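Trainee: What follows is the residue order along each chain.
2 protein chains.
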Amino acid sequence: MNESHSHFSDLSLLVHPRSIALIGASERPDSIGGRTFENLTAWSDFRGELYLVNPGYAEIHGRRCVPSIRRIEQAPDLAILAVRADAVLETLRECGEHGVKFAIVFTSGFGETGEAGRAIEAHMREIAASTGMRIYGPNCPGLNNMNARLGLCFSPAWRIDQRSGPIGVATQGGGLGRAFIQAMDRGVGIGLWCSGGNEVDLEVSDFIYYMAEAPDIKVIVTTLEGVRNGPRFMAAALHAARLGKPIVALKVGKSAYGAKAAQSHTAAIAGVAEINSAVFRELGIIEVDDIDEMIDVASLLSRAEPTGREQVAVYSFSGGTAALASDMIGLAGLTLTRFAPQTLQKLRDTLPGYAAIDNPVDVTAEVLVNAEVSHAALKATASDPNTDIVLVPIPVEYGRTTTLLGASLVDVQREVSTPIVPVWMSDRTGEGHRTIIEGGLMPMRAVGNAVLAVKRFIEYGRWRTRFDSAWVPLGAIASHAANMGLSEARTKALLAKIGIPVPNGCVARTADEAAQAWRDVANGRGVMKIASASITHKTDMGGVRLGIASEREAAEAFGDIHANGLRVCAASDIEGVLIEPMLPAPFVEVVVGIHQDPVFGHVCTFGLGGVGIELFGDVSRRLLPLTAQSARQMIEETRCHALLKGYRGQCAYDVDALVAVMVKLSDFVVRHADSVGELEINPLAVRPQGQGVVALDAILCHHGGEPAASQLPGGPFR
Amino acid sequence: MNESHSHFSDLSLLVHPRSIALIGASERPDSIGGRTFENLTAWSDFRGELYLVNPGYAEIHGRRCVPSIRRIEQAPDLAILAVRADAVLETLRECGEHGVKFAIVFTSGFGETGEAGRAIEAHMREIAASTGMRIYGPNCPGLNNMNARLGLCFSPAWRIDQRSGPIGVATQGGGLGRAFIQAMDRGVGIGLWCSGGNEVDLEVSDFIYYMAEAPDIKVIVTTLEGVRNGPRFMAAALHAARLGKPIVALKVGKSAYGAKAAQSHTAAIAGVAEINSAVFRELGIIEVDDIDEMIDVASLLSRAEPTGREQVAVYSFSGGTAALASDMIGLAGLTLTRFAPQTLQKLRDTLPGYAAIDNPVDVTAEVLVNAEVSHAALKATASDPNTDIVLVPIPVEYGRTTTLLGASLVDVQREVSTPIVPVWMSDRTGEGHRTIIEGGLMPMRAVGNAVLAVKRFIEYGRWRTRFDSAWVPLGAIASHAANMGLSEARTKALLAKIGIPVPNGCVARTADEAAQAWRDVANGRGVMKIASASITHKTDMGGVRLGIASEREAAEAFGDIHANGLRVCAASDIEGVLIEPMLPAPFVEVVVGIHQDPVFGHVCTFGLGGVGIELFGDVSRRLLPLTAQSARQMIEETRCHALLKGYRGQCAYDVDALVAVMVKLSDFVVRHADSVGELEINPLAVRPQGQGVVALDAILCHHGGEPAASQLPGGPFR
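Residue numbers (my numbering), protein chains in the order written: chain A, 1 to 718; chain B, 1 to 718.
Any given hint might turn out to be false.
[Stated by the list, open to error] Over the 10 angstroms line for every Cβ pair with chain A, so calculated as not near, a few chain B residues:
1. Gly56
2. Arg228
3. Leu243
[To be verified] Straight-line distance between alpha carbons at most 30 angstroms, and here's what the computed BS3-like set of lysine-lysine pairs gives:
4. B:Lys455 - A:Lys455
5. A:Lys260 - B:Lys497
6. B:Lys455 - A:Lys260
7. B:Lys379 - A:Lys538
[What the hints assert, rightly or not] Simulated restraints, written as ranges between beta carbons of each label pair:
8. B:Glu589 - A:Glu637: 18 to 28 angstroms
9. A:Glu366 - B:Arg159: 14 to 24 angstroms
10. A:Pro688 - B:Glu589: 32 to 42 angstroms
11. B:Ala585 - A:Gly114: 39 to 49 angstroms
12. B:Gln689 - A:Phe467: 21 to 31 angstroms
13. B:Ala481 - A:Asp667: 51 to 61 angstroms
14. A:Pro688 - B:Asn504: 28 to 38 angstroms
15. A:Met484 - B:Thr539: 43 to 53 angstroms
16. A:Gln342 - B:Arg71: 50 to 60 angstroms
17. A:Glu274 - B:Pro385: 50 to 60 angstroms
18. A:Gln342 - B:Gln633: 32 to 42 angstroms
Just so you know, the hints here were simulated from the structure itself, not pulled from any lab data.
Note that the structure is a prediction, hence the values are computed from the model and not measured.
Virtual Cβ for every residue (Gly too), placed ideally from N, Cα, C.
Input sequences plus hints: build the corresponding full structure.
Mentor: Put into structure tokens, the structure is as follows:
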């Protein structure tokens with residue numbers, strides 16, 4: 001993946017252009033060109049050269065206007081195109097050929113309208129490729145650089161949406177981006193918003209990469225309808241991870257309805273939601289489900305860096321609200337601080353006897369009207385040595401009481417570094433709410449939202465402590481699906497070759513060979529299974545027999561199985577019947593599978609065989625390559641881990657051997673990434689500790705051409 | 001439970017008193033008595049007789065004041081006590097003896113402060129019992145009757161919180177109650193708020209029962225920290241269910257932190273969260289997790305009655321937001337309407353080509369500024385014959401655009417009955433937001449919140465179609481835990497007696513008897529288990545042996561098992577060793593257990609044996625008595641139902657026999673409700689369809705005295 005990693009251009013001159021040409025500049029205040037002119041001149045702090053281009057004007061509001069970009073001697077860093085759709089392609093070509101570095105195209109009416117539009121977009125890409133000019137858009141709201149107070153955009157909202165700050169926003173659609181931006185009214189500061197519309201050239205990944213390096217951005221948020229290029233996206237996310245910048249992502253298209261709507265909106269393919277979420281988790285991307293959740297998580301991350309070990313104190317003036325918050329903290333698996341003795345003493349000295357001082361702190365509404373007591377109690381809570389976050393749920397607007405509370409939150413926050421997180425639960429806002437926002441404390445809107453945000457914050461901190469910054473995902477994307485399969489017998493032979501234990505089996509081609517094979521390998525009780533690359537559900541078609549206890553039984557079973565096989569495929573597709581010894585109990589059956597996701601490349605899936613995965617969806621996933629550590633984490637993430645560890649007095653199973661097999665499988669697929677599309681062991685029997693694992697069934701699918709199957713030995717087969 | 005059902009007094013004269021005595025009335029505006037006086041006289045429409053009582057005044061603000069309640073000739077319906085804690089008991093006694101019907105006690109300093117306070121509360125209960133006067137409080141905010149504009153309360157917030165409506169609120173703590181009340185600022189109308197503080201007499205159940213009958217209340221919401229009296233609570237909830245009024249409940253204390261905090265706040269015991277939630281579900285109580293969720297669900301229910309078959313349309317001016325909403329609808333398992341052809345035609349005729357007309361509808365922001373088009377498109381969407389709810393997510397405040405949208409929502413809602421549900425996602429409010437609220441549309445605050453509310457709404461509709469209004473839960477509460485157990489053998493004998501199949505086993509007392517028993521019952525392969533009422537985890541202590549294949553093995557196993565038994569209990573506690581035939585595969589092991597919850601009485605639990613319940617928590621629960629229908633629903637609610645139905649080509653199992661056993665078990669426990677504390681079959685083997693079920697292991701725990709064990713036959717035991 002290192003190669004695509006280097007494909008990110010420096011966007012500094014897009015975000016901070018030294019000179020700008022506004023093509024389609026206009027005097028008409030309601031036109032796109034007129035509104036952009038106003039944003040650039042009246043509502044921005046732009047000190048560079050602004051050129052106006054429009055063949056219809058000689059000057060605009062007293063400024064010189066030229067008919068074409070070619071008339072500007074020194075090509076500007078950035079051209080903004082506010083021109084009609086039919087003029088876009090020619091204008092872009094002129095800009096590119098003239099040496100413009102970046103072009104922003106507001107104009108819509110291209111890919112989103114159908115085939116003809118997509119053809120024009122292909123021409124835009126050609127222009128970008130041939131001239132080196134990078135294109136942002138078309139069909140986009142432009143770029144908002146709040147930290148530099150530079151509005152490369154036409155929306156009249158720009159003049160309002162200017163609360164700068166450390167959050168960078170990279171979106172596909174404009175609507176959800178602006179929904180996030182308006183969190184400014186809650187005090188959330190946003191430094192930069194990039195929204196590349198149809199993304200013919202620059203895309204979300206480019207903006208994430210840029211924001212990862214931008215010194216004024218601490219937290220990156222992104223909304224996605226589909227990841228267009230998985231390896232580039234992963235490279236950008238890893239770049240951010242290595243530079244310590246969290247990414248908060250809202251990915252639309254997890255359900256069939258959402259995927260369809262997203263595709264009709266931005267023509268993005270949503271991808272498989274479970275894989276997408278697993279990849280996000282692995283890359284440390286914090287996935288959220290809604291815009292308000294995104295605001296809460298990002299605002300918290302903009303205030304503090306998590307360690308993953310945070311403990312929470314609750315401070316309220318309502319006992320029921322304090323109980324509700326504590327309850328949610330418990331349900332979320334978070335930890336309420338156990339206050340240090342000096343904290344309890346301070347609270348006891350400060351508050352009356354009927355207040356609750358042990359976390360949660362309930363000072364009661366009567367106490368709150370005494371500003372001095374309120375300040376002292378909150379400060380004691382926030383200064384507790386074990387407290388990392390103070391949650392302050394405020395159930396109601398209570399006039400003077402909540403105004404005093406708001407002021408004390410802001411005052412105490414100036415004196416302590418522990419983040420104080422207010423939750424303004426009421427639909428009634430007022431002076432207290434305003435005080436909190438103006439004090440920079442960005443209130444959340446519901447206890448559940450706040451607890452979820454704190455949970456995500458802490459989980460991200462935990463991920464950081466585990467993150468191996470040297471790790472690079474394989475990212476091998478196939479241009480077509482793997483379409484050739486190996487039979488169980490041949491797959492097992494391959495597994496044996498790479499050091500993964502399989503039963504000592506052999507393939508019989510006749511009833512006599514079956515009887516002989518039973519004697520040779522079955523060890524008293526045998527298993528017989530049809531051997532054919534073209535049959536995948538062997539049990540369903542009568543291709544499996546268990547507990548074969550004699551030569552005669554083996555010979556008979558051969559006949560039955562072979563006959564059943566002929567009912568579903570040609571004789572030439574049947575290699576024979578595989579005979580193996582039955583594995584004695586106890587063992588736990590798990591599944592280890594690797595498949596090639598079309599967006600992100602090879603992904604390993606682990607879970608309990610049978611009901612575990614299929615009924616309960618109890619799986620964990622990782623991108624390849626696996627390490628012993630990541631394989632072990634995969635196992636530990638599932639609920640069936642309890643079973644493997646030795647559940648309720650039963651024996652512990654050989655997790656070390658399981659880990660080793662997962663890594664071997666990963667290593668093999670990494671070596672043959674171009675050909676192996678899928679490799680699954682299902683079930684893999686995990687025997688008691690020290691006794692290893694055995695692959696009871698397995699399948700490999702590969703691409704045509706040079707398959708991994710060329711590695712196959714002729715060895716154990718007759 | 002019918003008896004406790006009748007214990008609800010008529011609260012009409014508490015909620016609508018014809019005459020009130022304010023005891024502790026005061027001229028001082030900041031005192032409790034003074035504030036209550038102001039609420040009653042300046043901010044209420046009370047037309048009845050108001051008596052003022054205070055020995056310190058002859059008159060207050062020109063009204064006559066008497067020194068004692070005794071001086072009021074005709075006892076008033078209601079006395080409000082705004083007196084010091086040390087005067088409360090005597091005042092209450094005077095009121096009760098004088099014939100007052102209801103007393104509201106604001107005063108705090110009783111049960112919530114400790115033992116001494118609880119002793120005084122016991123005296124209050126005595127007064128209520130001996131005089132018949134019902135007590136509301138102490139330590140409570142009073143009663144707010146918005147629909148009659150009558151503030152029986154001291155809070156200065158009363159004058160603001162007067163948006164009347166069809167929602168009734170019954171809370172334990174005051175803070176969360178008022179948090180809900182302030183949803184009035186979102187346009188939510190609330191008719192009545194009762195909050196009984198320490199609940200020495202009247203409690204949440206009484207208010208729910210009253211609201212169920214009150215003609216001005218359509219929806220009941222309640223916040224609880226603990227259910228004090230399960231049968232009364234269930235009776236009140238059932239009363240509401242039978243009268244068609246939904247209850248929305250927020251129950252604090254689901255986690256250990258929450259339970260501890262709730263107990264320290266209201267001294268309520270939280271109970272077991274899973275049981276509590278199961279009982280709520282069964283009674284049709286809509287359990288929510290947070291106040292904002294409660295507001296959304298209640299406001300939706302106040303607008304429409306669900307059928308359970310609702311389909312949803314999404315209408316937005318942002319493609320990304322429409323996709324997000326559709327995605328969440330899909331993830332929630334809800335159905336997006338497939339528009340009728342005439343709807344699509346109308347939308348096609350109305351909207352430009354680049355708008356999306358197939359649900360979700362994305363009209364785009366440009367279209368929205370044309371009021372006529374916007375109105376027509378929304379009306380077509382809301383008039384679609386298959387659409388039951390229109391969700392309108394509004395991602396941003398867009399000045400004129402969103403004001404027009406708000407107005408068109410309100411206008412169209414006047415013309416169609418399909419509820420239009422706006423979601424105001426932005427932190428920026430404004431004219432559009434105000435328009436929506438004033439038009440009565442109660443905007444929700446996030447797409448996720450709205451989808452969750454719609455889901456709860458529809459689920460409640462489904463519950464209604466299933467609800468059997470004749471059903472009455474058993475509600476047998478034990479005063480102490482069941483402490484006597486029967487051995488497996490004796491429990492199985494009991495099961496056999498009531499018609500539940502058990503293996504044909506017998507108990508051996510010596511090795512010789514074991515060999516003989518093996519010959520008699522084992523049928524080639526036997527199971528041997530220690531028979532002792534005092535051993536519950538037989539496997540862990542070496543008390544179980546499987547696959548016994550000969551008399552000799554049986555005799556040896558007897559020795560081993562018996563010796564292991566002697567290590568954990570006395571010889572006199574060992575009945576012997578149970579010998580049974582091994583059940584041949586295939587079968588599915590499930591668990592059917594009944595236990596006596598201390599709050600709600602006997603509850604049945606069903607789930608997959610082993611990993612299903614313990615690793616994956618895949619269980620369903622019902623109050624006793626079960627019917628064939630409710631037992632079948634229990635099975636269908638679990639994910640393991642897929643296994644029983646015949647999973648991936650495997651055989652289907654005998655669900656009919658399973659249902660029959662569950663009902664038999666329920667019938668037995670109902671007959672012996674006073675003595676049976678717990679009866680669990682674990683595992684119950686469910687064999688292929690037509691082959692029935694077999695109880696492979698079982699245990700019964702009962703109370704001392706007359707246990708169900710008296711039903712035991714001597715029969716199959718030697």
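Trainee: Look at each hint and say if it fits the structure.
Mentor: Outcome of the hint check:
1. Gly56: With a cut-off of 10 angstroms, glycine 56 of chain B remains clear of chain A, as the shortest Cβ separation is near 23 angstroms.
2. Arg228: For arginine 228 of chain B, whose nearest Cβ neighbour in chain A is about 16 angstroms away, the distance exceeds 10 angstroms, so it holds.
3. Leu243: Check passes; 28 angstroms lies beyond 10 angstroms.
4. B:Lys455 - A:Lys455: Measuring from Cα to Cα gives roughly 25 angstroms; hence the hint holds.
5. A:Lys260 - B:Lys497: violated (58 angstroms)
6. B:Lys455 - A:Lys260: holds (21 angstroms)
7. B:Lys379 - A:Lys538: violated (55 angstroms)
8. B:Glu589 - A:Glu637: 18 to 28 angstroms: Cβ of glutamate 589 of chain B to Cβ of glutamate 637 of chain A: about 27 angstroms, so the range 18 to 28 angstroms holds.
9. A:Glu366 - B:Arg159: 14 to 24 angstroms: holds (20 angstroms)
10. A:Pro688 - B:Glu589: 32 to 42 angstroms: Given range 32 to 42 angstroms: violated, Cβ gap about 22 angstroms.
11. B:Ala585 - A:Gly114: 39 to 49 angstroms: violated (59 angstroms)
12. B:Gln689 - A:Phe467: 21 to 31 angstroms: violated (52 angstroms)
13. B:Ala481 - A:Asp667: 51 to 61 angstroms: Roughly 56 angstroms apart at Cβ, these two residues keep to the hinted range, so it holds.
14. A:Pro688 - B:Asn504: 28 to 38 angstroms: holds (34 angstroms)
15. A:Met484 - B:Thr539: 43 to 53 angstroms: Given about 47 angstroms between the Cβ atoms, the range holds.
16. A:Gln342 - B:Arg71: 50 to 60 angstroms: holds (56 angstroms)
17. A:Glu274 - B:Pro385: 50 to 60 angstroms: violated (36 angstroms)
18. A:Gln342 - B:Gln633: 32 to 42 angstroms: violated (55 angstroms)
In summary, the numbered hints that this structure violates are 5, 7, 10, 11, 12, 17, 18.
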